[in-house]
Each structure stands twice: as structure tokens, then as C-alpha cells.
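Protein chains: 2
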Amino acid sequence: MPRTQTKIQIIQAGAALLHRKGFNYTGIQDIVTAAGVPKGSFYFYFRSKEDFGLAVIEYFEAFMLKRMDRCLVEADRNPLDSLRVFFDDITAFFEEHGCENGCPVGNISQETANVSDRLRERAGEAMNRMKERFRGCVEKAQEQGRLDGSIDADRMAGFILDGWEGAMLRMKTERSLGPLQGFTAILFGYTLRGPTCPEREP
Amino acid sequence: MPRTQTKIQIIQAGAALLHRKGFNYTGIQDIVTAAGVPKGSFYFYFRSKEDFGLAVIEYFEAFMLKRMDRCLVEADRNPLDSLRVFFDDITAFFEEHGCENGCPVGNISQETANVSDRLRERAGEAMNRMKERFRGCVEKAQEQGRLDGSIDADRMAGFILDGWEGAMLRMKTERSLGPLQGFTAILFGYTLRGPTCPEREP
Numbered sequence: 388m389p390r391t392q393t394k395i396q397i398i399q400a401g402a403a404l405l406h407r408k409g410f411n412y413t414g415i416q417d418i419v420t421a422a423g424v425p426k427g428s429f430y431f432y433f434r435s436k437e438d439f440g441l442a443v444i445e446y447f448e449a450f451m452l453k454r455m456d457r458c459l460v461e462a463d464r465n466p467l468d469s470l471r472v473f474f475d476d477i478t479a480f481f482e483e484h485g486c487e488n489g490c491p492v493g494n495i496s497q498e499t500a501n502v503s504d505r506l507r508e509r510a511g512e513a514m515n516r517m518k519e520r521f522r523g524c525v526e527k528a529q530e531q532g533r534l535d536g537s538i539d540a541d542r543m544a545g546f547i548l549d550g551w552e553g554a555m556l557r558m559k560t561e562r563s564l565g566p567l568q569g570f571t572a573i574l575f576g577y578t579l580r581g582p583t584c585p586e587r588e589p
Numbered sequence: 388m389p390r391t392q393t394k395i396q397i398i399q400a401g402a403a404l405l406h407r408k409g410f411n412y413t414g415i416q417d418i419v420t421a422a423g424v425p426k427g428s429f430y431f432y433f434r435s436k437e438d439f440g441l442a443v444i445e446y447f448e449a450f451m452l453k454r455m456d457r458c459l460v461e462a463d464r465n466p467l468d469s470l471r472v473f474f475d476d477i478t479a480f481f482e483e484h485g486c487e488n489g490c491p492v493g494n495i496s497q498e499t500a501n502v503s504d505r506l507r508e509r510a511g512e513a514m515n516r517m518k519e520r521f522r523g524c525v526e527k528a529q530e531q532g533r534l535d536g537s538i539d540a541d542r543m544a545g546f547i548l549d550g551w552e553g554a555m556l557r558m559k560t561e562r563s564l565g566p567l568q569g570f571t572a573i574l575f576g577y578t579l580r581g582p583t584c585p586e587r588e589p
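First to last, the sequence lines map onto chains U and E.
Each residue of the first sequence is one higher than the last, beginning at 388 in this note's numbering.
Each residue of the second sequence is one higher than the last, beginning at 388 in this note's numbering.
One or more of the hints may lead you astray.
[Unchecked claim] In the DSS-like style, the derived pairs of lysine-lysine whose C-alpha atoms are separated by at most 30 Å in a straight line are: (1) E/K436 / U/K408; (2) U/K453 / U/K518; (3) E/K436 / U/K426; (4) U/K426 / U/K436; (5) E/K426 / U/K408; (6) U/K527 / U/K453; (7) E/K408 / U/K518; (8) E/K408 / U/K426; (9) E/K394 / E/K408; (10) E/K426 / E/K436; (11) E/K436 / U/K436; (12) E/K394 / U/K408; (13) U/K453 / U/K436; (14) U/K408 / U/K436; (15) U/K408 / E/K408; (16) E/K408 / E/K426; (17) E/K518 / U/K518; (18) E/K518 / U/K408; (19) U/K518 / U/K436; (20) E/K426 / U/K436; (21) E/K394 / E/K453; (22) U/K394 / E/K408; (23) U/K426 / U/K394; (24) U/K426 / U/K408; (25) E/K408 / U/K436.
[What the hints assert, rightly or not] Only some residues are given here: those of chain U computed to face chain E with a beta carbon under 7 Å: (26) R407; (27) E498; (28) N501; (29) R507; (30) D549; (31) G550; (32) P566; (33) A572; (34) I573.
Simulated from the structure, these hints should not be mistaken for laboratory data.
Beta carbons: idealized from backbone N, C-alpha and C, even for Gly.
Can you build the whole structure from these sequences, using the hints too?
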């Protein structure tokens with residue numbers, strides 16, 4: 388098997404395992420067993436589990452951004468509709484997968500933040516890129532007059548990301564789509580409901 | 388030292404360690420070392436690490452609910468002000484503690500959900516009790532006409548909990564209060580901003 392193919396195989400098998408069991412629960416032996424390669428192969432490509440973690444964050448980030456871009460970067464669509472399409476798409480994905488695992492980027496952020504600064508910072512970058520996608524939608528909606536122009540788009544994007552991450556966490560804990568459905572219902576029904584009422588403006 | 392005192396000592400020292408390093412990163416040896424007790428003591432009180440995890444979730448839950456009740460159960464205050472006081476209190480707490488660790492209940496939920504059904508269910512109960520506190524505020528605000536009576540209070544409470552959990556996760560990843568500050572700014576500025584504009588009602 389060509390070398391890069393082996394590396395990809397270790398990352399894919401390891402990422403699936405990590406996503407299910409968590410970074411700290413998964414040992415290097417588990418990863419090589421899942422990948423079906425000898426332990427020496429792991430150390431040929433990765434100096435340490437931390438190095439492997441960086442590769443996995445990159446892999447998870449690419450997975451999430453691809454899914455986001457497919458829904459959010461439709462030029463012609465109302466940007467709030469795009470957001471809704473994205474959340475519906477992800478909800479359908481979790482329905483298919485039994486509400487398990489949650490967000491791979493959020494999970495690894497949570498687990499590694501106090502254990503490795505390199506992993507924490509790289510996971511923060513991935514979260515930030517996800518946030519940027521939401522910010523693009525918020526800004527476009529503001530330009531089109533669908534959202535209050537006075538909203539701090541970066542904060543709103545962070546708020547959307549945080550609510551979604553929390554909903555995925557609770558989905559995983561409750562093994563139910565309820566939190567994700569509640570998240571979109573409140574987000575679109577109340578938070579992103581268009582310009583502020585004139586009588587409530589300062 | 389009396390027996391119950393030893394048990395409390397193991398739970399407290401273990402909880403602090405778990406909160407910093409995570410459930411799966413922390414071994415029983417680390418826990419007894421931190422507690423300053425022999426390993427046998429651990430097994431006298433807990434049959435397994437899972438049993439210990441249940442005791443720690445109970446401990447974390449009590450910590451969070453006590454902090455919530457101190458702010459939220461003020462009978463005379465505007466319930467939305469109480470919510471804000473609570474979030475300000477927690478933000479000040481994290482400022483003092485260097486934006487580390489995040490929510491102990493959220494963290495252990497995240498880490499154990501796919502590893503142990505007993506821990507997942509117990510962590511879900513703790514999350515639910517936190518959600519109930521928020522629901523109480525939302526319902527009271529609805530009774531007082533401060534929030535739209537048509538809001539599903541349970542969903543809104545879940546939305547608040549999820550956004551807050553996500554903000555604590557991002558705070559920990561970024562080592563910054565920014566996500567918590569953004570969360571309260573958007574929550575109170577947009578989501579909980581009072582009855583829907585008449586022209587946007589169906």
C-alpha cells in the first residue's frame with residue numbers, strides 16, 4: 388500500500404474511533420488495530436498522539452466545513468434560509484446516526500483544552516472557521532435588510548455556533564433530536580426574527 | 388479520619404482533577420494521589436471508576452445548582468434580571484479562574500456519553516435540573532408579560548442552556564471571556580427582547 392494511503396487510513400480509522408470514544412479514551416494501540424496497520428506505521432507518520440490529534444482536528448474541520456459550504460455558500464438563496472437548510476441537513480444526519488457522537492470539533496476542543504495547548508489552539512482555529520461561515524450568513528442577511536444592521540455579526544455568529552454546539556452536546560446526552568429541533572425553532576423564531584421592534588429601540 | 392470524611396475528600400480532590408484534566412484522562416491512581424489516601428480507600432467507597440463518576444456528577448450538579456439558586460430564586464426580582472445576574476456571576480467566576488475548565492456538568496456529559504450509559508443518563512439528569520432553573524425564569528417572565536406568552540418555555544430554557552454550554556466550551560478553547568460576553572449580549576439583546584413585533588406576528 389502506498390505510504391500516503393496508509394497515513395490516510397490511520398487518520399480515518401482513528402478519527403472514527405476518537406469521535407465515538409473521545410481523544411483521551413482512545414489509545415494508540417486502539418488506533419492501529421482499527422486501521423489494521425502495525426504500530427510502527429503510526430510512529431512513521433506521527434511523532435506522538437498529540438501530532439495525530441492535530442491531523443484528526445484537520446480532518447474533522449474539513450468534514451464540517453465541506454458540509455457547511457454545501458449549504459451556506461449558495462449565492463442566490465436568502466442567507467437565513469441557507470442557515471436553516473444547513474441545520475436541517477445536520478439534524479437529518481444525526482437522525483440517521485442515532486443522535487450519537489455530536490460535533491467532532493467541539494468534542495476534541497472540550498477534551499484537549501486543558502491537556503495540550505497545541506491541540507487547544509488548533510481546535511480553536513477550526514471552531515473559528517466554522518464561526519466565520521455563520522458570520523458570512525449574518526452579514527449577508529444584514530445587507531439584505533433581513534436582520535438588524537446594528538447586530539454585531541461576529542458575536543451573533545459566535546452565539547449561533549455556541550447554541551448549536553450545546554444542542555449537539557445535549558442531543559448526545561439525551562439520545563434525542565429534541566435539543567437540535569428546539570435550537571432551530573428558537574433561533575429562527577426569536578433570535579433571528581428580523582429588525583428590532585421600533586418601540587423597543589433606544 | 389472518619390470514614391465519610393475520607394469519602395468526601397476523595398470526591399473533592401477527584402472532582403477538581405477531573406474538572407481540569409477530564410474524566411478519561413484521569414486515572415484512579417491520580418485521584419488517590421491527589422486525595423492523599425491509599426488506593427484501598429478508593430475501592431472501599433467506590434466499586435469502579437464509573438461509580439466514582441456518578442458521585443462526581445452529583446457533586447458537580449450540587450455546585451452548579453447552588454450557584455444558580457443563589458441568583459435565580461430571588462422572588463422579588465425581574466426574572467430576566469435574575470438570569471443576567473447569574474450569567475454575570477459565572478462570568479466573574481471564570482475571569483477569576485483564568486477562563487479554564489468550563490462547565491463541569493457539560494464536560495463530563497460530553498466525555499462519558501458514548502462510554503457509559505449510567506454516566507450519560509446521570510449527567511443528562513443534571514443538565515435537565517439546570518434547564519429547569521432556566522425554565523422557571525422564562526415562565527415567570529411570561530407571566531409578567533416580559534416575554535411572549537407563545538414561547539415554548541421548555542425549548543427556550545434548553546436554548547439558553549445550550550448557548551451557555553457552548554459559550555463555556557469556546558471560552559475554554561480561546562482562553563477568553565469573549566464568548567460568554569457575546570452570549571449574554573445576544574441573548575438579552577435579541578432572543579429575550581420582549582413580545583414579538585406586532586407586524587411580524589402570523
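Do the hints match the structure? See the list:
no.: 1; hint: E/K436 / U/K408; result: holds, 16 Å
no.: 2; hint: U/K453 / U/K518; result: holds, 14 Å
no.: 3; hint: E/K436 / U/K426; result: holds, 28 Å
no.: 4; hint: U/K426 / U/K436; result: holds, 12 Å
no.: 5; hint: E/K426 / U/K408; result: holds, 26 Å
no.: 6; hint: U/K527 / U/K453; result: holds, 20 Å
no.: 7; hint: E/K408 / U/K518; result: holds, 26 Å
no.: 8; hint: E/K408 / U/K426; result: holds, 26 Å
no.: 9; hint: E/K394 / E/K408; result: holds, 21 Å
no.: 10; hint: E/K426 / E/K436; result: holds, 12 Å
no.: 11; hint: E/K436 / U/K436; result: holds, 24 Å
no.: 12; hint: E/K394 / U/K408; result: holds, 29 Å
no.: 13; hint: U/K453 / U/K436; result: holds, 26 Å
no.: 14; hint: U/K408 / U/K436; result: holds, 15 Å
no.: 15; hint: U/K408 / E/K408; result: holds, 16 Å
no.: 16; hint: E/K408 / E/K426; result: holds, 20 Å
no.: 17; hint: E/K518 / U/K518; result: holds, 25 Å
no.: 18; hint: E/K518 / U/K408; result: holds, 26 Å
no.: 19; hint: U/K518 / U/K436; result: holds, 27 Å
no.: 20; hint: E/K426 / U/K436; result: holds, 28 Å
no.: 21; hint: E/K394 / E/K453; result: holds, 21 Å
no.: 22; hint: U/K394 / E/K408; result: holds, 29 Å
no.: 23; hint: U/K426 / U/K394; result: holds, 12 Å
no.: 24; hint: U/K426 / U/K408; result: holds, 20 Å
no.: 25; hint: E/K408 / U/K436; result: holds, 16 Å
no.: 26; hint: R407; result: holds, 5 Å
no.: 27; hint: E498; result: holds, 6 Å
no.: 28; hint: N501; result: holds, 5 Å
no.: 29; hint: R507; result: holds, 6 Å
no.: 30; hint: D549; result: holds, 3 Å
no.: 31; hint: G550; result: holds, 4 Å
no.: 32; hint: P566; result: holds, 6 Å
no.: 33; hint: A572; result: holds, 6 Å
no.: 34; hint: I573; result: holds, 4 Å
In summary, the structure agrees with every hint in the numbered list given earlier.
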